[in-house]
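*Asks:* Put the two chains together into one complex, using the hints given.
From first to last, the protein sequence lines stand for chains A and B.
Using my numbering, read the first sequence as starting at 13 and increasing by one per residue.
Using my numbering, read the second sequence as starting at 1135 and increasing by one per residue.
Worth flagging that the hints you see were computed from the coordinates, not collected in a lab.
Incorrect hints may have been included.
[To be verified] Keeping only pairs whose Cα atoms sit at most 20 angstroms apart, straight-line, the calculated DMTMM-like set for lysine to aspartate or glutamate is:
1. A:Lys-70 <-> B:Glu-1660
2. B:Lys-1231 <-> A:Glu-47
3. B:Lys-1299 <-> B:Glu-1325
4. B:Lys-1231 <-> A:Asp-78
5. A:Lys-70 <-> B:Glu-1158
6. B:Lys-1214 <-> A:Asp-26
7. B:Lys-1231 <-> A:Glu-29
8. B:Lys-1171 <-> A:Asp-69
9. B:Lys-1412 <-> B:Asp-1357
10. B:Lys-1231 <-> A:Glu-109
11. B:Lys-1211 <-> A:Asp-31
12. B:Lys-1574 <-> B:Glu-1660
13. B:Lys-1171 <-> A:Glu-109
14. B:Lys-1299 <-> A:Asp-31
15. B:Lys-1423 <-> A:Asp-69
16. B:Lys-1214 <-> A:Asp-31
17. A:Lys-70 <-> B:Glu-1167
18. A:Lys-70 <-> B:Glu-1210
19. B:Lys-1231 <-> A:Asp-69
20. A:Lys-107 <-> A:Asp-26
21. B:Lys-1214 <-> A:Glu-109
22. A:Lys-70 <-> B:Asp-1234
23. B:Lys-1423 <-> B:Glu-1210
24. A:Lys-70 <-> B:Asp-1162
25. B:Lys-1474 <-> B:Asp-1571
26. B:Lys-1423 <-> B:Glu-1325
27. B:Lys-1214 <-> A:Glu-29
28. B:Lys-1211 <-> A:Asp-69
29. B:Lys-1151 <-> B:Glu-1140
30. B:Lys-1171 <-> A:Asp-26
[To be verified] With beta-carbon atoms standing in for the labels, derived distance ranges:
31. A:Thr-18 <-> B:Arg-1375: 29 to 37 angstroms
32. B:His-1309 <-> A:Arg-43: 48 to 56 angstroms
33. A:Thr-18 <-> B:Tyr-1380: 26 to 34 angstroms
34. B:Val-1611 <-> A:Gly-82: 53 to 61 angstroms
Virtual Cβ for every residue (Gly too), placed ideally from N, Cα, C.
Listed below, chain by chain, are the residues.
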Amino acid sequence: MARAFTPKVVTANDLLEGDVIYLTADDRWSRDLREAELITDEAHAQLRLLDAQRQVDKIVGAYLADAVAGENGPEPTHFREDFRRTGPSNYAHGKQETSPQPRA
Amino acid sequence: MYRYSEFDKAFLTERNKQFRAQVERRIDGSLTEDEFKPLRLMNGLYLQLHAYMLRVAIPYGTLNSAQMRQLALLAEKWDKGYGHFTTRQNIQYNWPKLRDVPDMLDALAEVGLHAIQTSGNTIRNVTADHFAGAAADEIADPRPYAELLRQWSTDHPEFQFMPRKFKIAITGSEHDRAVIKAHDIGLQLVERDGVLGARVLVGGGLGRTPMIGKELSDFVAFDDLLAYLEATVSVWNQIGRRDNKYKARIKITVHEHGIDAIRAKVNERFLQVRPQFKGADMALLDQIKAHFAPPAFREGSVAAFESAYSNDPVFRSWIDTNIAPHKQADHAIVTISLKKHGATPGDATAEQMRVMADLAEQYAYDELRISHEQNVILPHVHKSDLPAIHAKLKEHGLATANIGLISDIIACPGMDYCALATARSIPVAQQIATRFDELKLEHDIGHLKIKISGCINACGHHHVGHIGILGLDRAGVENYQITLGGDATETAAIGDRTGPGFAYDEIVPAIERIIETYLDQRESPEETFLQTYRRVGMAPFKAALYPEARANAA
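The following block holds chain B by itself, in its conformation from the complex (with noise of 0.2 angstroms):
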């Protein structure tokens, strides 16, 4: 874990300080709205469709339990009891009042968290595996890397006025589940020749146009990466269009220009940064590793996970769907849902977060981590202290066995809480959730990923669901849009449409057909569904979506 140096501190300190005056300058009308807006988007504030929302970064994705404790005091003390973790680890706040916010952000910066830069065009929350440092398949933990680009892009001079917003993930592994090709910046950590670096991709992102990720340089070496981030985000930031607000993501400028004409650029500018990176950089990274040490795994029996895994279907079913396998062979990967079946998605109270930083404390090396799909992780767990942990989780309704299943949904807060929605994500996820649990066919149709956008802005990820659904505003009336076949790992794949969008009480029974449709058609029930679409393509399920087409057609 990170921990926040003096100089971070004082950084804090002031900043926060400046927002507290910018607040009571607009309360007392000296800043009219016009001026203020920058400067509260700047500190993560927006004014959504009931009342203000704050969204705190969570720094690629990790917490120790004091700030998770601190996190479900400010969700009691300023909000309405319970916080909404996002498709890009941040936890968003649904009522602070304007008053309270600068006594929000300084009881954050007590815990060394903050909310700048989780809005506005400038780079925002480094996002990252969120099995980082426990999965048994990476190379490197990415976070030291993600410290150093977060410290690197605060405040950053050159970047605090871009054509528009930067996102950038990371990973330390092959199997992407940090969805980098859907970045503006995508790194995944490689090796070459017994030296660290990454491999480079830019221009993915979702929204109105989706497009995966290229690769900008099959390897750069860490001596060499922030100087080629800064070159690639400089050059974007020089060309990218200013004239349309559609047409300014990184992913366009590639587009236009075309990737070998970017690269060219890119290597130009970066022979023109480089000498200004002298090595501190470096230094400051070899640093922050040792914040990210692993702790010192306890060893001991696993017989009293063995035994109540034999014993507990309930808990079996537990292991079964949320449980990762960790580097250590005796300790696992927790995966807590905050996907209760008719629960929103990403939602968890204070209560359930207190008990969540307890047993991190507890059992789990104080550490946890928030993933993009909004569940919660404890990344190192030994595996003898699974049947307590369970136990806990399931006094507090977060024990569901569905990470990876149909009700383990990424929706975002669409027209229920968002100015921007067209039409609500919510009350479909939970639609959703609640069918296929009293069907009791969870289980049974396997791996799926659901993603449901409330708007064309994609924070739910629609695009790249097995399937996803766009919610709409059609003459008035909400209407839903299916696409299918979309994939956010390493195999990155943007849905297809299935063609004309269903009415609000359409959609559940439209999803219904098909699952249907997947189950009939599955050679045996270890085909996923993304792999029984990529076989047999659209037409099985354009037929059960659309009977009547085919009757006209007939």
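Okay, chain A solo, but in the shape it has when bound (with noise of 0.2 angstroms):
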């Protein structure tokens, strides 16, 4: 039996910055996974990440990441996208300098 589906974010990291974005409902990429469009339906999630695949010119390697719903948006359920979506531990670089996100 195939494995049921979990709620999915597609994200990449930016062409010329190379930061990590994720794409919004309204079409935008936001580097802020709180705006990212939870996905719930399997079919859905894939037509997203051809949606995203095709702006070669803009981002780089789009995927599907694990998400759940919080208070405030889609939440990471891996500490991987937890790293992506905060920043680097030893120095408060990346996302950390314009939008303070700590870690739950």
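*Replies:* This is the structure we're talking about:
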């Protein structure tokens, strides 16, 4: 039996900056996971991933990452995605420089 | 120091021009990422977790002050004010923007530096003993040969699309500071009947299948060495496995075919290749050697040094840990620690880079080295200058007296930066260093190498750490395996796993229990951790790490 589909967000890196970005429901790329479209339907997820992958002059390496609904929008389920949405832990660089996102 | 010829300069200018055009074509959409990726990797540009990363080669770990200042400029102008020195004598910039990278490469070219072949399935930056040309125990300076290898391997047409990457390390000393036994090819310079040559080791490597290099030849004279190395890489390039990335390195080829069969194939290929080498390489080597002539060592009294050593305990402690013997008795080799307690191992700010460049220019015949242990070396310093150097280093957070001690940790970038990582390395290193500094046990513990990798690829050399730590993802949680008894020197050994791993918040206490056990077990303060481990074995450490297992067994 196929495994049950778990909610996803579409994420990638920005082509010019390299920064982690997320696809929003209104077709923008946001640097904030909380703004991402949380996709609960598998077929829709595949379509959204294709939408993302077509944008070769904007983004690199789009994929579906597991996420869950949180109070302020999607939240990561795995620590790798938690680091990606935050930045490194040895310096307050990356996203921590502009939009503080204390780790839960 | 090697100075670029007109040919070198023209080659690099052309190469950088090509890459600039490739970046432009990527940005305007004419190249897809699949097309662009191999091109950017050939030029040292990765896409990591949060940003691009540019890996710049520091060939055989040697820099002059102008080059170090340029590295500082790159850090300040196009990055976040710092750089990360790696275990393969490279420097990595963690935050470049794609559009800026061509300018960064041009700036590097101005001082004879590049990022070519710091990635991809090519022959990578040739690394060398960081004390080369200065060590009291060396037969010859290995760097001229390393430079010859750099020129030979750069854009070598046969070796651009190999089964996997290929790493060469070279040392001129019996005492191995370049980890030659964990490289695809390890070279140790040896002299036989007045002829200089190399002992050739092959098939060493860490990663998911760690192997200690085996002897391919006990002596190949310099005249034949380049042909012999070309034959070796060529044999592997043909028979190395391309069906499975994890079985592609030469260590697996050597393991599957056996060293004797590989030697026979290499010898056969060598006979074919040898006539193509008509002596031009040796003529070139002679020219290169002239670039590496030792400086005119100055003479003078060392009284100022001796007086500071007797009177200043902080200076004395630094001398006792961070200074190595130089071939000139009145000179010393200074290792500048990039491992201040609690700092990121191997990181230096632009300001620190400039301070080190200034010191090199003023006191060290304009030479710097980067070690695979992620520290910086002033290879030639007259002893009377040591107090002034120490004072300057102290002002800039660079005078930590911990070389070879528990806080002199190798750590890969781990999941704080690396896209391949399965767990973090840097915070584990920071916490261990901070903890043992608080306990004030560091100097009592003595010589101890901790090496941490954030994934099985082992950039942090954990297999050859006296204590190795490997960070893994176990069911979505960071988990750290420990190995004991590894050794990166001429007596190289792969460490033994202690048992089940430890959670992120359990790893520092686990290391503490290992150290308590060592202090308890050692016969005298002179017996190092590694010696104790070799004498008593795993059992007491296991008992300390897994008391519940012992209780259950009882």
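*Asks:* None of the hints should be skipped; say for each whether it holds.
*Replies:* Structure-based check of all given hints:
For the proposed pair Lys-70 of chain A and Glu-1660 of chain B, the alpha carbon gap of about 60 angstroms is over 20 angstroms, so the pair is violated. Simply put, Lys-1231 of chain B and Glu-47 of chain A have alpha-carbon atoms about 24 angstroms apart, too far for the 20 angstroms limit, and the pair is violated. Only pairs whose Cα atoms come within 20 angstroms are accepted, and Lys-1299 of chain B paired with Glu-1325 of chain B is rejected, the gap being roughly 30 angstroms. With a CA separation close to 28 angstroms, the supplied pair Lys-1231 of chain B and Asp-78 of chain A exceeds the 20 angstroms bound.
Distance hint between Lys-70 of chain A and Glu-1158 of chain B is fulfilled; the C-alpha atoms sit about 13 angstroms from each other, no more than 20 angstroms. Our distance criterion of 20 angstroms between C-alpha atoms is met by Lys-1214 of chain B and Asp-26 of chain A, whose separation comes to about 18 angstroms. A threshold of 20 angstroms between alpha carbons decides the hint, and for Lys-1231 of chain B with Glu-29 of chain A the separation of about 5 angstroms falls inside it, so the pair holds. Restraint check for Lys-1171 of chain B and Asp-69 of chain A: satisfied, since their Cα atoms lie roughly 14 angstroms apart, inside the 20 angstroms limit.
With a CA separation close to 10 angstroms, the supplied pair Lys-1412 of chain B and Asp-1357 of chain B stays within the 20 angstroms bound. At most 20 angstroms may separate the alpha-carbon atoms for a hinted pair to count; Lys-1231 of chain B and Glu-109 of chain A meet this at roughly 16 angstroms. Of the supplied pair hints, the one linking Lys-1211 of chain B and Asp-31 of chain A holds, its CA atoms being roughly 18 angstroms apart against a limit of 20 angstroms. Distance hint between Lys-1574 of chain B and Glu-1660 of chain B is fulfilled; the C-alpha atoms sit about 18 angstroms from each other, no more than 20 angstroms.
Restraint check: the Cα-Cα separation between Lys-1171 of chain B and Glu-109 of chain A comes to about 28 angstroms, which exceeds 20 angstroms; the hinted pair is violated. For a cut-off of 20 angstroms, the pair hint linking Lys-1299 of chain B to Asp-31 of chain A is broken: about 27 angstroms separates their Cα positions. Distance hint between Lys-1423 of chain B and Asp-69 of chain A is unfulfilled; the C-alpha atoms sit about 48 angstroms from each other, more than 20 angstroms. With a C-alpha separation of about 14 angstroms, the suggested pair Lys-1214 of chain B and Asp-31 of chain A falls inside the 20 angstroms cut-off, and the hint holds.
Proposed proximity of Lys-70 of chain A and Glu-1167 of chain B is supported: the alpha carbons are some 10 angstroms apart, at most 20 angstroms. This hinted pair does not check out: Lys-70 of chain A and Glu-1210 of chain B have alpha carbons roughly 26 angstroms apart, beyond 20 angstroms. Simply put, Lys-1231 of chain B and Asp-69 of chain A have alpha-carbon atoms about 15 angstroms apart, close enough for the 20 angstroms limit, and the pair holds. At roughly 13 angstroms between alpha-carbon atoms, Lys-107 of chain A and Asp-26 of chain A fall within 20 angstroms of each other, so this suggested pair holds.
Restraint check: the Cα-Cα separation between Lys-1214 of chain B and Glu-109 of chain A comes to about 11 angstroms, which is no more than 20 angstroms; the hinted pair holds. At most 20 angstroms may separate the alpha-carbon atoms for a hinted pair to count; Lys-70 of chain A and Asp-1234 of chain B meet this at roughly 17 angstroms. Of the supplied pair hints, the one linking Lys-1423 of chain B and Glu-1210 of chain B is violated, its CA atoms being roughly 34 angstroms apart against a limit of 20 angstroms. Only pairs whose Cα atoms come within 20 angstroms are accepted, and Lys-70 of chain A paired with Asp-1162 of chain B is accepted, the gap being roughly 10 angstroms.
Restraint check for Lys-1474 of chain B and Asp-1571 of chain B: the C-alpha separation of about 10 angstroms stays at or below 20 angstroms, so the hint holds. A C-alpha spacing of about 17 angstroms is found between Lys-1423 of chain B and Glu-1325 of chain B, which places the hinted pair at or below 20 angstroms, so the restraint holds. Restraint check: the Cα-Cα separation between Lys-1214 of chain B and Glu-29 of chain A comes to about 13 angstroms, which is no more than 20 angstroms; the hinted pair holds. Note on Lys-1211 of chain B and Asp-69 of chain A: the hinted pairing is violated, with a Cα-Cα distance of about 26 angstroms set against a maximum of 20 angstroms.
Distance check on the hinted pair: Lys-1151 of chain B and Glu-1140 of chain B sit about 16 angstroms apart at the alpha-carbon level, within 20 angstroms; holds. Only pairs whose Cα atoms come within 20 angstroms are accepted, and Lys-1171 of chain B paired with Asp-26 of chain A is accepted, the gap being roughly 15 angstroms. Separation of Thr-18 of chain A from Arg-1375 of chain B is about 36 angstroms and conforms to the stated range, judged on CB atoms against 29 to 37 angstroms. Roughly 50 angstroms separates the CB atoms of His-1309 of chain B and Arg-43 of chain A, a value that falls within the hinted 48 to 56 angstroms.
Separated by about 29 angstroms at the C-beta atoms, Thr-18 of chain A and Tyr-1380 of chain B satisfy the suggested range of 26 to 34 angstroms. At roughly 19 angstroms, the beta-carbon separation of Val-1611 of chain B and Gly-82 of chain A lies outside the given 53 to 61 angstroms, and the hint is violated.
Hint compliance for this structure: hints 1, 2, 3, 4, 13, 14, 15, 18, 23, 28, 34 are not met, and every other hint is.
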